[in-house]
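Undergrad: Sequence:
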Amino acid sequence: MRKYTKHLWLVAFLLLFFQLSAQVTRQYKPKKERTLKAQALEKEIQAFIDANINKYDLTPERVARLREDFEHEKKAHGDSQNYELSNLLLEAKKGELRKLYYSATTKSTLHHEEIPILADICDNGGFENGITDEYLFRFRDVGLNLDFDCDITLETLNLNPFIPNSIIPINDFNNQITLVNNDISVNDGEDPILSGYPNLNISRVHTGTNAIKLNNNIGGYGVTRMTKRFPVNSDFITFSYSLILQNPNPSNHTPIDQPHFMVRLYDAQHEIVSDLCIVADVSDTETFDSVVYGNLPLLYTGWQCGRLFTDGMENGEEATLEFIITDCGQGGHYGTVYIDDICVSESCRSVFPMVHLDVNPNVPNCPDFPIQVCGIFQLPINNDNPPVEGTLTTMTLNILQEGSVVGTVNTFTVDGNQFCFELDQSDFGNAVSGSYEYQAIGTFLLGTETVIGEDTSANIGPDAIFNNCIPSPPCPYCLTITTDVTTGTDNQQAYTCINADNTISGTGTEVVYRAGKEVVLLDGFDALYGTKDRFHIEGCTTNNYVARTAAPTKPVEQPKEITIDLIERTANSAIGIYPNPTSGELTVISGGASIKTLTVLSLEGKVILRQSAAEASSYQLNLNALLAGIYLLSVEGADGTVTSHKVIKN
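No gaps in the numbering here: position 542 of the sequence shown is 542 in this note's numbering, and each next residue is one more.
The hints are simulated quantities; they were obtained by calculation from the structure and are not laboratory data.
Model, not experiment: these values are computed from the prediction.
Some hints could be false.
No more than 30 Å apart at the CA atoms, straight line, and that leaves these computed lysine-lysine pairs for DSBU-like [stated by the list, open to error]:
hint, residue 1, residue 2
1, Lys606, Lys517
2, Lys55, Lys43
3, Lys649, Lys532
4, Lys606, Lys596
5, Lys517, Lys532
6, Lys596, Lys646
7, Lys606, Lys646
8, Lys649, Lys517
9, Lys532, Lys646
10, Lys93, Lys55
11, Lys596, Lys649
12, Lys532, Lys606
13, Lys94, Lys43
14, Lys55, Lys94
15, Lys606, Lys649
16, Lys646, Lys517
17, Lys93, Lys43
With the hints as extra help, turn the sequences into a complete structure.
TA: Here is the structure:
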């Protein structure tokens with residue numbers, strides 16, 4: 001998967017859109033839905049490219065430039081790149097067809113709209129210079145009845161460009177887009193509606209002298225959007241917002257008709273990395289305060305801080321930050337928002353709790369148990385003066401496979417604002433195989449309200465991978481043997497460990513215990529005279545295990561001390577191997593022909609690892625992923641000779 005996705009919901013329970021009561025929600029769109037939509041769009045694009053690739057020709061000028069670039073790179077790097085001009089031209093054609101697809105369709109307005117300049121996330125984040133060149137605006141002020149939801153697409157919104165882009169009026173509250181300042185001669189420096197309520201005193205600017213206001217204070221079908229492109233250079237971005245929403249009667253205005261405020265962070269492929277969605281709901285007193293305006297509740301948040309994480313995005317990768325504010329879907333009520341301080345602030349706090357899983361960019365295959373999963377949380381604060389902080393009540397970790405919960409862990413530790421879980425193999429279900437993701441859910445108490453913070457998927461790809469690691473039953477992960485064996489043969493195997501605490505008795509009774517890492521004979525273990533007992537450090541097999549006999553040994557004429565730091569050379573080979581035994585890295589050197597290929601095999605002859613040495617005279621082989629044991633190393637030289645060597649992995 002290309003991206004992991006962040007989710008954060010501020011609700012005790014998520015209500016369906018068609019319930020007859022509104023609900024304030026802060027949510028992150030499920031990654032599976034995004035992935036399916038992205039895959040469907042990409043499939044359509046590929047079909048368009050495939051259908052037109054043989055009909056489309058690059059311009060002669062473009063071909064000439066590509067040929068010139070190709071020859072330049074070839075001179076600089078030689079032929080080692082193994083890349084032909086025809087491949088370059090083909091990729092260029094595909095790129096042009098992709099552009100043509102977006103220009104010829106309206107599948108994604110975001111992909112082919114006008115693009116604002118690329119600027120640092122903090123550049124003019126407070127709109128202090130009085131211009132908006134770093135931002136792009138789109139709007140709609142008339143239209144038909146429109147249903148909103150937190151996943152609404154831009155093509156559904158059908159927004160128009162705001163022209164001119166760089167000239168925004170000041171304190172023009174009838175305009176859908178206006179810069180605002182803190183001039184107290186204009187409505188006492190407050191919103192023109194809220195300023196009529198003398199006890200509110202909410203400035204229209206959070207810090208500095210300027211901010212921006214999206215959507216006007218007039219009910220209609222207004223929708224306003226603001227975007228900013230920036231290179232990623234931090235783990236998260238923050239912004240301040242002051243939200244004002246009318247809350248029409250829920251008896252005839254379901255949540256899809258209520259004013260919405262949405263903030264989305266897109267990566268360079270225009271996939272949503274994280275997002276925020278707030279829907280008008282007068283009953284959520286921890287998020288909103290309210291006054292009566294025109295016989296209806298007018299909700300306001302005061303200045304709040306929002307935080308979106310950039311997890312999975314490379315440093316320097318282009319990102320797009322998007323703000324959308326809507327009126328009522330039926331055209332009679334308004335929503336507006338003031339935005340300030342777009343930057344990176346460590347002190348960002350909100351009525352919304354934060355739960356955030358730690359990112360692990362290098363997820364190993366077949367990790368050892370127990371697995372530790374950690375993250376951080378931030379307590380919510382309410383709108384009281386002074387603000388009151390909430391408390392963490394519970395934290396749960398769900399283990400997901402293909403979107404379904406296969407295991408849940410409720411035991412966790414807290415150190416400051418860090419939480420940690422320890423996962424055992426049994427937490428992953430009965431048959432541990434494939435890829436998994438984690439979902440951390442924190443429950444917080446803010447006043448009398450229960451609020452929930454949630455984060456799903458910590459990484460770009462899966463959070464845990466078990467590909468060909470743990471065989472299907474009857475091979476368990478670890479095994480404790482307590483049953484006595486008095487006759488016959490007892491074959492037992494485990495993926496990692498066996499703990500034997502039993503008695504073996506009876507003439508001719510035989511046991512074979514083998515595990516991938518250790519076989520431990522506990523104090524209660526006893527093997528009586530006349531029994532045959534074998535204990536091996538080897539992985540599981542689906543076949544019946546056959547005990548091997550030791551290979552015959554030859555007498556050594558002149559015994560010599562073995563030192564692991566010495567280079568091992570075979571009698572008829574110029575190949576040297578050190579250190580042997582090794583705990584991880586193994587260096588192979590050749591005093592003769594250069595090395596072409598190295599192959600690590602089990603003693604049964606099964607290929608475990610094969611790497612090309614590119615005909616080097618020495619090569620460092622990484623054996624960290626191998627279990628402890630004895631292996632065969634086959635070294636193929638550039639002259640075709642093949643030598644075998646025994647290596648020991650501690």
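Undergrad: Now look at each hint and say whether the structure bears it out.
TA: These are the hints, each one checked on the structure:
For a cut-off of 30 Å, the pair hint linking Lys606 to Lys517 stands: about 18 Å separates their Cα positions. Distance check on the hinted pair: Lys55 and Lys43 sit about 19 Å apart at the alpha-carbon level, within 30 Å; holds. Simply put, Lys649 and Lys532 have alpha-carbon atoms about 27 Å apart, close enough for the 30 Å limit, and the pair holds. A distance of roughly 20 Å separates the Cα atoms of Lys606 and Lys596; the hinted pair therefore holds under the 30 Å criterion.
The hinted pair formed by Lys517 and Lys532 meets the criterion: a straight-line CA distance of about 22 Å does not exceed 30 Å. Restraint check: the Cα-Cα separation between Lys596 and Lys646 comes to about 19 Å, which is no more than 30 Å; the hinted pair holds. Distance hint between Lys606 and Lys646 is fulfilled; the C-alpha atoms sit about 14 Å from each other, no more than 30 Å. Restraint check for Lys649 and Lys517: satisfied, since their Cα atoms lie roughly 11 Å apart, inside the 30 Å limit.
Distance restraint check for Lys532 and Lys646: the Cα-Cα separation of roughly 27 Å lies within the 30 Å cut-off, and the hinted pair is therefore satisfied. With a C-alpha separation of about 10 Å, the suggested pairing of Lys93 with Lys55 holds against the 30 Å cut-off. A distance of roughly 23 Å separates the Cα atoms of Lys596 and Lys649; the hinted pair therefore holds under the 30 Å criterion. A hinted pair counts as satisfied when its Cα atoms are at most 30 Å apart, and Lys532 with Lys606 qualifies at roughly 27 Å.
For the hint pairing Lys94 with Lys43, the CA-to-CA distance comes to about 14 Å; that is within 30 Å, so the pair holds. Only pairs whose Cα atoms come within 30 Å are accepted, and Lys55 paired with Lys94 is accepted, the gap being roughly 12 Å. Only pairs whose Cα atoms come within 30 Å are accepted, and Lys606 paired with Lys649 is accepted, the gap being roughly 16 Å. Restraint check: the Cα-Cα separation between Lys646 and Lys517 comes to about 19 Å, which is no more than 30 Å; the hinted pair holds.
Annotation: proposed proximity of Lys93 to Lys43 holds, straight-line Cα distance about 17 Å (limit 30 Å).
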